[in-house]
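Peer 1: Just so you know, the sequences run in chain order A and B. For the first sequence, the numbering used here assigns the number 49 to the initial residue and increments by one for each residue that follows. For the second sequence, the numbering used here assigns the number 0 to the initial residue and increments by one for each residue that follows.
To be clear, the hints were calculated from the coordinates, so they are not data collected in a lab. Cβ coordinates follow ideal geometry from the N, Cα and C atoms, glycine included. A couple of the hints might just be wrong.
[As the list claims (entries may be wrong)] Here are the in silico distance ranges between beta carbons for each label pair:
1) SER256(A) x GLN87(B): 50 to 58 Å
2) GLY406(B) x LYS304(A): 33 to 41 Å
3) LEU149(A) x ARG276(B): 49 to 57 Å
[As the list claims (entries may be wrong)] Residues of chain A placed beyond 10 Å of chain B at every Cβ, according to the derived structure:
4) GLN98
5) TRP161
6) PHE216
7) ALA237
8) GLN240
9) MET400
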Amino acid sequence: MNAIAGLRDLLTRNLRQSGIFIALIAIVALFAALNPMFLSPTNLTNIVLQYSYILILAIGMVMVIVAGQIDLSVGSVVALTGAVSAVVVIRQGMPWWAGVLAALVVGLLVGAWQGFWVAYVGIPGFIVTLAGMLLFRGLTYVVLDNVSLSPFGVPYYDIANGFINGLFGGYGYDVFTLVVFAVAVVGYAVSQWRTRRGKIAYQQTVESMPLFVAKLVVVAVAVMWFGYQLASSRGLPIVLIILAVLVIVYALVTQKSVFGRHVYAVGGNLHAAELSGVRVKRVNFWIFVNMGLLASVAGIVYSSRVNGAQPSAGNMFELDAIAACFIGGASTSGGVGRVGGAIIGGLIMAVMSNGMQLMGVSQAVQPIVKGLVLLLAVAFDIYNRRRAATLR
Amino acid sequence: MSTILEMRSIIKEFPGVKALAGVSLDVTQGEIHAICGENGAGKSTLMKVLSGVYPHGTYGGDIVLDDKVVEFGSINDSEHEGIVIIHQELALVPYLSVAENIFLGNERRGRGGLIDWNQTNSEALELLARVGLDENPVTPVNQLGVGKQQLIEIAKALSKKVRLLILDEPTAALNDTDSEHLLGLLRQLQAQGITSIIISHKLNEIAEIADRTTIIRDGKTIETIDMSDPASTQDRIIRGMVGRDLENRFPDRSSVVGDEVLRVEDWNVFHPTQVGRKVIDDASFHVRAGEVVGIAGLMGAGRTELAMSIFGRSYGRHITGRLFKDGKQIQARNVAEAIEHHIAYATEDRKVYGLNLIEDIRRNISSAGLGKLAPRGWVNGNEELRVAEDYRRSLNIKTPNVTSVVGQLSGGNQQKVVLSKWLYTEPDVLILDEPTRGIDVGAKYEIYTIINKMVAAGKAVVVISSELPELLGICDRIYTLAFGRITGEVPVADATQERLMELMTIERDQPLPTKENAS
Numbered sequence: 049m050n051a052i053a054g055l056r057d058l059l060t061r062n063l064r065q066s067g068i069f070i071a072l073i074a075i076v077a078l079f080a081a082l083n084p085m086f087l088s089p090t091n092l093t094n095i096v097l098q099y100s101y102i103l104i105l106a107i108g109m110v111m112v113i114v115a116g117q118i119d120l121s122v123g124s125v126v127a128l129t130g131a132v133s134a135v136v137v138i139r140q141g142m143p144w145w146a147g148v149l150a151a152l153v154v155g156l157l158v159g160a161w162q163g164f165w166v167a168y169v170g171i172p173g174f175i176v177t178l179a180g181m182l183l184f185r186g187l188t189y190v191v192l193d194n195v196s197l198s199p200f201g202v203p204y205y206d207i208a209n210g211f212i213n214g215l216f217g218g219y220g221y222d223v224f225t226l227v228v229f230a231v232a233v234v235g236y237a238v239s240q241w242r243t244r245r246g247k248i249a250y251q252q253t254v255e256s257m258p259l260f261v262a263k264l265v266v267v268a269v270a271v272m273w274f275g276y277q278l279a280s281s282r283g284l285p286i287v288l289i290i291l292a293v294l295v296i297v298y299a300l301v302t303q304k305s306v307f308g309r310h311v312y313a314v315g316g317n318l319h320a321a322e323l324s325g326v327r328v329k330r331v332n333f334w335i336f337v338n339m340g341l342l343a344s345v346a347g348i349v350y351s352s353r354v355n356g357a358q359p360s361a362g363n364m365f366e367l368d369a370i371a372a373c374f375i376g377g378a379s380t381s382g383g384v385g386r387v388g389g390a391i392i393g394g395l396i397m398a399v400m401s402n403g404m405q406l407m408g409v410s411q412a413v414q415p416i417v418k419g420l421v422l423l424l425a426v427a428f429d430i431y432n433r434r435r436a437a438t439l440r
Numbered sequence: 000m001s002t003i004l005e006m007r008s009i010i011k012e013f014p015g016v017k018a019l020a021g022v023s024l025d026v027t028q029g030e031i032h033a034i035c036g037e038n039g040a041g042k043s044t045l046m047k048v049l050s051g052v053y054p055h056g057t058y059g060g061d062i063v064l065d066d067k068v069v070e071f072g073s074i075n076d077s078e079h080e081g082i083v084i085i086h087q088e089l090a091l092v093p094y095l096s097v098a099e100n101i102f103l104g105n106e107r108r109g110r111g112g113l114i115d116w117n118q119t120n121s122e123a124l125e126l127l128a129r130v131g132l133d134e135n136p137v138t139p140v141n142q143l144g145v146g147k148q149q150l151i152e153i154a155k156a157l158s159k160k161v162r163l164l165i166l167d168e169p170t171a172a173l174n175d176t177d178s179e180h181l182l183g184l185l186r187q188l189q190a191q192g193i194t195s196i197i198i199s200h201k202l203n204e205i206a207e208i209a210d211r212t213t214i215i216r217d218g219k220t221i222e223t224i225d226m227s228d229p230a231s232t233q234d235r236i237i238r239g240m241v242g243r244d245l246e247n248r249f250p251d252r253s254s255v256v257g258d259e260v261l262r263v264e265d266w267n268v269f270h271p272t273q274v275g276r277k278v279i280d281d282a283s284f285h286v287r288a289g290e291v292v293g294i295a296g297l298m299g300a301g302r303t304e305l306a307m308s309i310f311g312r313s314y315g316r317h318i319t320g321r322l323f324k325d326g327k328q329i330q331a332r333n334v335a336e337a338i339e340h341h342i343a344y345a346t347e348d349r350k351v352y353g354l355n356l357i358e359d360i361r362r363n364i365s366s367a368g369l370g371k372l373a374p375r376g377w378v379n380g381n382e383e384l385r386v387a388e389d390y391r392r393s394l395n396i397k398t399p400n401v402t403s404v405v406g407q408l409s410g411g412n413q414q415k416v417v418l419s420k421w422l423y424t425e426p427d428v429l430i431l432d433e434p435t436r437g438i439d440v441g442a443k444y445e446i447y448t449i450i451n452k453m454v455a456a457g458k459a460v461v462v463i464s465s466e467l468p469e470l471l472g473i474c475d476r477i478y479t480l481a482f483g484r485i486t487g488e489v490p491v492a493d494a495t496q497e498r499l500m501e502l503m504t505i506e507r508d509q510p511l512p513t514k515e516n517a518s
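Can you build the whole structure from these sequences, using the hints too?
Peer 2: Written as C-alpha cells, this is what we have:
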C-alpha cells in the first residue's frame, strides 16, 4: 500500500471519528484566523481550565449512552458533591483531602442509588436520572442551607487552578512541562510501535512505514507545540493531568477490558448480550456507579475552579456532556460511541464557546450556534451512515 | 378470464444472496392463486416486490398490471392500484381501536380535516360485517385473538378498495376453526370479484381453496398447475417444492453414539407473566455424545421455552427439575453458569436474541467466550482477530473480512457467526433452535455439515425444528413435544412425518401412548 492510498484508507476507514476530528481542526483554524489571540498560550490554557469538568462528565456519559441509557442528573450531582466538599472543608474546617474524599463517596453513593433503580428495578435511566436531577438539586440546597460557601483556600483551589511550574527551572518556559509532554509523546510512540508489531505478528495489514512514521511525527509535533505553549505560559495545569489520566484509563477500559466490551454488547443488543452470558444488570449498575464517581470528580474540579459552592452550580452541565457525546459520534440507540469521540466533541464545544467569547459574540448568539452545531454534527453522522449502507 | 397481474422474470438480490433469480407469475382476474415453496424459496420476497416494499429499481424484471407495466415506488403506490398485502406478522397497533386500525393512514376526514368519528365507526362496522366479525369498532385490538386480528387486517384491506389481496401465511398462527372461517371468507370475497394470492405451507389448505398454484424453488418458478386437474396432487407440489435433489439435501453421517452428556428430569416451567400457566410439564429427555437429538413440536408447544429454561433459566419462572451433565447433577441458574458447564444455546431468532447486528463479525464471535481472550480482564485484540479468522475459514463465512458488520451478512452467514460464537465457548452440548430458519437451501446444507462435524468431534447436539423432513434427515432420535409435554421418543429409523405429527398433536388431557417406541 503506498502512502497516499494508505492515508486515504486511514481517513475513510473511520470517517465518523476522523470527520469529527477534521471538524475540530477546522474550527480551531477558523478562530485562529479570526483572532490572533485565540492560539496564545494563555488562551489555550484557559480552554483547558474552563471546560475540564464538562470533558470529565463526557467520559462517563459516553459509557452511559453506549449502554443505551442517558443520565440527566450529572449537573445536580456536580452541585451536590461540590456542596458536600464545601461543607466539609469550609464549614467544618477539615483539610482539603477530606473534602475530596467526601465528594467522591457521595458520588459513588449517588451512582449506586441510580444504578439500583435502573438495573435491579428496571426503570429506564431517563426516568431515574430525571428524578435524580430534582432530588440531588434539592439535596444540594439542604446541604448548603440555601447559601453559597466560599472560599476553599489554597490546596483545594489549586486542583482546578494550580499549575506545576518551575520544578526543573527554565528560561521563560517551564522545563518540567516539556519533559512531561516529551514522555507522553515517547509513550505514545512506543505503544503505537508495539501495537504495530503485534499486528504484524498476527499477519494483519498495517499502514506503510513512511505513513506510520509520518503519523507519529504529526502527533508529536502537535502535542509538543501545545506543550510548549503551556510551558511558556503558566506551566502544566494540574487539572490537565487529571484529565489525561482519566482519558487514558477510560479509553483502555472501554476498548480493551471485558467490562468495556460488555457495555457495547448491552447497548448493541441487550437480549443477545444476556444470552451470551453478560450479566446485564451488573453492567448497568456499574455504569451508573461509574458515572456518579466521575460526576463527583467533575464536582470537585468545578467547586475548586469557582472556589466555592452554590446551590445552583452545574446547571445544564448534563446537556453539554450529552451534546459532547453525540457530536463525538455516539448513537442515540446505543452500542456506538467512543471516549475519544466524546472528548473531541467536548473540545469542539469548548473551542467554540471560547472563540466566540474572545470575539465578543453576544451571550444570546452563543447557545444558538452551539445548538446548530449539535444538529449539524448528528446530521453529518446520519448522512455518513446512510452512505456507508449504500456503499456496502 | 383476463389476466389481472403478470410478473415477468423478477430478479432481486441482497448482499450475498440472490433471493429471486427470475420468477414469473401470472394471476387471472377473480381467482385464488396459491404460491408454494420451501422457507427461503423467495415467496415473501416476491410479494414484497409486488407490493412496493422493495421499490422499482431495486429489482429486475417487469410487473404488468392490467396489461400495463407499473413501477411502484412505495407501498402507497401499490395500494393506490388496489393491491394490498397482509404480512405474516400482523401490522396492527395493539392499543388503537378496531376502527382506528382499519382506517390507519387512510382516515375518514370530516370538516376542517378533523377525523369524523361517526363515519369512521359506522364504516368500520360495515366492513366488520363483510368479514363476518361481530365486534364493537371501539374495542382495542389487543383484546381480540389472533384469528380476529387477521380478519381485521382483511377489513382494513377492503377499506382500501382492494382488487388483489395478498396473504402471506395467513393461517400459520390460527387454529382450525379460525382457519376454516378465513378460507370461507376468501371464497366470499372471490364471489365479489376480489382476486387473492395466498402463500401457505399447508398443502391441504391449498388443495381446498386454490384455483391454481405456482411453485417456487430457489428463487425460480418451477411450474404453475391447475388445481382442478386430478394430476395436481399434494405429492406433485411437494416434488416441485423440494426438487429432484431431495436425496441429497442432508449430508451423510455415520453416528458413533457415546456416553450420556446431558439429562433433563421432571422439568417444569411456568409462564413468566401469566400466573399459574404451566409452559413445560414434567419434561424429561437426554442426549449422548456424538448424537443428534431432535425436538419436534408445533408452534406454541414450548420448544424454545424448554431450551431457554434449561440454558441458564433464560425463560420462565418457578422452574423445577434436575439437570445432569456427564452423570453429575448441576445447577445453571444463569447463562454464565450454563456456559461454564459447557452448554450452548443458539437462538431461533438470531436478529433479536443472537447477534449484535451493529457490531462486527469478530466481536460477535468472541462475545460469549470473551473470558478465554482476557485471562486478566483485558482482551487480547490480536488473538481475537485470529480466532475470528479461524472460524471464518473453517465455517466458510462468506465475507471480505471479519471486521464487517454482522447486520450486512446474509441469513446463512449470520447463522454461521452464531454457531462460531457458541463453538468458541467449547460446548459439550449444543442446543440449536431452528438452525436453518430463513436461510437458503445451499446454506442449509452447510449448516448440516457443520452439525455433523460437531457430533463427529464428540459433542451432543439438540436440534429444535418445525421442519419435520429436516429432523428426519439429520437426527438419530426425535422427541415430540405437545402442549409442554414430551409425548414421545422415536428413533429416526422408526420415524415418519405422520407418526411424528400424531405425537405432536396429543392434547393436554389425552393420555400418552405407552413407550413402545422408546429406545
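Peer 1: It remains to establish, for every hint, whether it holds in the given structure.
Peer 2: Comparing the hints with the structure gives:
{"no.": "1", "hint": "SER256(A) x GLN87(B): 50 to 58 Å", "in the structure": "holds (52 Å)"}
{"no.": "2", "hint": "GLY406(B) x LYS304(A): 33 to 41 Å", "in the structure": "violated (24 Å)"}
{"no.": "3", "hint": "LEU149(A) x ARG276(B): 49 to 57 Å", "in the structure": "holds (53 Å)"}
{"no.": "4", "hint": "GLN98", "in the structure": "holds (34 Å)"}
{"no.": "5", "hint": "TRP161", "in the structure": "holds (25 Å)"}
{"no.": "6", "hint": "PHE216", "in the structure": "holds (34 Å)"}
{"no.": "7", "hint": "ALA237", "in the structure": "holds (19 Å)"}
{"no.": "8", "hint": "GLN240", "in the structure": "holds (14 Å)"}
{"no.": "9", "hint": "MET400", "in the structure": "holds (30 Å)"}
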